[in-house]
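There are 2 protein chains.
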Amino acid sequence: MKKILLAFFTATIIISCNENKTTTNTISTNTVNKTDSIAIKQFFSTALTDGKAYEWLRDLTQNIGGRLSGSPEAQMAVEWGEKLMKEEGFDKVWLQPVMVPHWVRGEKEVANYSINGTKINVPICALGGSIATPKNGVMAEVIEVKSLDEVEKLGEKVRGKIIFYNRPFDNTLINTFAAYGGCVDQRYGGTEVAGKYGAVGTIVRSMTNNLDDYPHTGSMGYGKAKPEDYIPTAAISTNASELLSKHLKENPNLKFYFKQSCETLPDAPSFNVIGEIAGSEFPNKYITVGGHLDSWDLAEGAHDDGTGVVQSMEVLSLLKRNGIKPKHTIRAVLFMNEENGLRGGKKYAEEAKLKNEIHVAALESDSGGHTPRGFSYNGTKENQELFMGWKSLLEPYGLTDWHTGYAGADINPLKNETVTLSGYKPDSQRYFDYHHAATDTFDKVNLRELELGSAAMASLVYLMDKYLDVEPVKK
Amino acid sequence: MKKILLAFFTATIIISCNENKTTTNTISTNTVNKTDSIAIKQFFSTALTDGKAYEWLRDLTQNIGGRLSGSPEAQMAVEWGEKLMKEEGFDKVWLQPVMVPHWVRGEKEVANYSINGTKINVPICALGGSIATPKNGVMAEVIEVKSLDEVEKLGEKVRGKIIFYNRPFDNTLINTFAAYGGCVDQRYGGTEVAGKYGAVGTIVRSMTNNLDDYPHTGSMGYGKAKPEDYIPTAAISTNASELLSKHLKENPNLKFYFKQSCETLPDAPSFNVIGEIAGSEFPNKYITVGGHLDSWDLAEGAHDDGTGVVQSMEVLSLLKRNGIKPKHTIRAVLFMNEENGLRGGKKYAEEAKLKNEIHVAALESDSGGHTPRGFSYNGTKENQELFMGWKSLLEPYGLTDWHTGYAGADINPLKNETVTLSGYKPDSQRYFDYHHAATDTFDKVNLRELELGSAAMASLVYLMDKYLDVEPVKK
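Taken in sequence, the protein lines are chains A and B. Numbered by full-length UniProt numbering, the letters in the first sequence go through residues 1 to 475 in order. Numbered by full-length UniProt numbering, the letters in the second sequence go through residues 1 to 475 in order.
Calculated directly from the structure, the hints in this document are not laboratory data. What you are looking at is a predicted structure, and each value in this text was computed from that prediction instead of being measured. You may find that some hints are simply not true.
Since copy identity is lost for identical chains, a pair holds within one copy or between any two.
When the alpha-carbon atoms are kept at most 27 Å apart in a straight line, the in silico DSSO-like pairs for lysine-lysine are as follows [as the list claims (entries may be wrong)]:
| hint | residue 1 | residue 2 |
| --- | --- | --- |
| 1 | K196 | K415 |
| 2 | K41 | K146 |
| 3 | K52 | K246 |
| 4 | K108 | K255 |
| 5 | K415 | K249 |
| 6 | K34 | K255 |
| 7 | K108 | K86 |
| 8 | K135 | K83 |
| 9 | K381 | K444 |
| 10 | K246 | K391 |
| 11 | K391 | K327 |
| 12 | K381 | K119 |
| 13 | K52 | K444 |
| 14 | K196 | K153 |
| 15 | K325 | K246 |
| 16 | K320 | K161 |
| 17 | K161 | K327 |
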């Protein structure tokens, strides 16, 4: 029955594409029509009954796993993506070379302290980009703070100490990305400030809503610090953070010990993986859909961002399988190095500029693979009304949250005066339970939620291709 | 900081309640106002930072577990709910006696068949209400069908056979409850039809979107069948269904064997568990919020319906902790026996009628504990506009799906010409992965998703209490 249904729908789509030939050059907020509803329904039906993304994700996460830039696993993932898109029969599939930072974790980190004669072992992991501790680790008294400002105010008082950033997520924020945004300065920038005043290390409360026993890694930066002010930094679990905070009240002089042997090697060669379906009318104008192929080393990189990777490839697959002939060239880009450098995203935009590849639009999926809620819009005022008009077509599929705002790190370098950027926004409630921690594994992804996302993204790309123009603004 | 925030909000709420005294008797679609926004924000903030439902659920699911009507676990759950609501300090907590069906599964079921000399073991479970097979089981050729109609048409040809209902969920339906609704006649009513024509048993494809290895149980009925036409019925996993279907094509004469020793014992005494906060203006008028306390025996009854139970109790807790003094009496009702008899829901409505307890409204949570999407409305035309007007207050929390429709099995017996019934509608994508199967366990529930639901439900009850009237329609 599945095959009969598919054949029926494919026929419908081809007919409706022809029907629409006359309207494809008209831009209007009111051009969304029944043909679009039918096409969109078909993307969802194909994805939900015969989608491929879930099995692709199983393969990527369980057979390759964590794939940090520069690692052998990242290279395996590159080859995997290239092979898969070739097998899908996209018109062109190739690798775009890019040099990436190459940070390695080294031996498993160790942390502990003693309180009232009891030794407490602390779940800890180095932050990406951090230097190692001295070979025998670092041990010092701890100053707990809630902000970088607090460290600035303490100034020289932090010398010789370990700074413990312990500002928790604001769990009253409904969108968990907002809570993350309100805390992540501690992880990314806390070390630069503490190092400047002579602290010997920093430890950071993991970036998650949850109280759990997993350290959540992520990138950090030394910013403008002088290399002699570089100090090691690591994340500890939220439960350990709560406990340490309690113990520091009991004994403010307790000494915390941690040891890590991570290091930054010379930049390594890697690739963005790109597949495309050639445009029938404007082959030299592009719509890019992408996620990032690299992921942290502690887990399988399922929700971050294996789901975005497989959804992006499936967008092209859904267009192709449903007989859609896009006007513009549609590209799936598996960006390398979003996590600790964004080199892939920058490289892709640079090359597009060099080659005068005009981007009409780009869509990014890097917020996990949970149930769809909507899309963000980042583009011209002129196109905004048009874009928001598409909401009515996708509301029946649960995509009710259409808002202006940031679209995504990897496509942001494409930003210019004409391009439409959009971010796919799934439900965010569970995302930071797994984010950058050992728990970000395939079993946390639900087949239907993932496939609904693929179909929603295919629908948006279909609409962008059909209704967005096209000519760069002349100034 | 948490405590300071709470104190601040509590103060705010008390002030705003007083401010609103003058407007409480006005019914209008436009009375939703800033005070309501503040109250609602506070329900969410309390639930997300200091909610209790998650730990209550852990206790119910992990320390009691599955709690089918009439079982010792069901009695433990009754005592658990009563104790908990007393500890919460509700104004009145009591047990409402109700006689319930008492079906027991007996020994673990067995099913298998042989094909090409290989024995295939089939994951199987008896359906609730089914009779046992003969002591040594039943073995017969299988007729695969997709509908009850098909069996009616086969008529006498089914005599001596096992009927295999194998119509799968329509996975293109976005709301998975619609897919369930489109299939569940096979489970509930398939046996009555097959037994009438002399089949010796029925097996049913499990009611789930997924291909998995778990049999999903659920209730069945013999309807108007004569007792001599009663035949045993069971569910088999979806993977096993696919395989059996394939094997039947290879060998239409293969013989399927299954054995089950379930039986229906005499009705047993049990209880609805009821807690209430007395109304300040209309203590004899009621708003009920509830879920069902009983659950199938194969799992922990987490999403079905442990989440509804703890959310319902937390609604009262959230009102109380935020200083809300409701006008009407607000009741949390933990209904017994939703799964295989609905005796608790019927009893509650009967007693309400007998005691002339006028119900202004009732809200049910029995669709799982996933991220909130909206509410259904089932009431008068007059109140519909008012109700739908509340959407704007809850949209910021992700509740965008407000529609008219069925509210829930346990509160449906309260339906009359004046009452407003509503069903809490969380995201449905994952629900049937776990429904009535061994996988419906505590770890499938996410703290934030659960607590967002409690807060959404508290918000709706607050609005219903404040704006819905009140007088029964005089005819």
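A quick look at each hint next to the structure:
no.	hint	result
1	K196 / K415	neither (34 Å within a copy, 69 Å between copies)
2	K41 / K146	between (49 Å within a copy, 25 Å between copies)
3	K52 / K246	between (48 Å within a copy, 22 Å between copies)
4	K108 / K255	within (21 Å within a copy, 56 Å between copies)
5	K415 / K249	neither (48 Å within a copy, 57 Å between copies)
6	K34 / K255	neither (68 Å within a copy, 50 Å between copies)
7	K108 / K86	neither (38 Å within a copy, 49 Å between copies)
8	K135 / K83	neither (42 Å within a copy, 56 Å between copies)
9	K381 / K444	neither (38 Å within a copy, 43 Å between copies)
10	K246 / K391	neither (48 Å within a copy, 42 Å between copies)
11	K391 / K327	within (22 Å within a copy, 39 Å between copies)
12	K381 / K119	neither (60 Å within a copy, 66 Å between copies)
13	K52 / K444	both (17 Å within a copy, 24 Å between copies)
14	K196 / K153	within (12 Å within a copy, 84 Å between copies)
15	K325 / K246	neither (62 Å within a copy, 37 Å between copies)
16	K320 / K161	neither (59 Å within a copy, 45 Å between copies)
17	K161 / K327	neither (60 Å within a copy, 57 Å between copies)
When held up to the earlier numbered hints, the structure conflicts with 1, 5, 6, 7, 8, 9, 10, 12, 15, 16 and 17 and fits the remainder.
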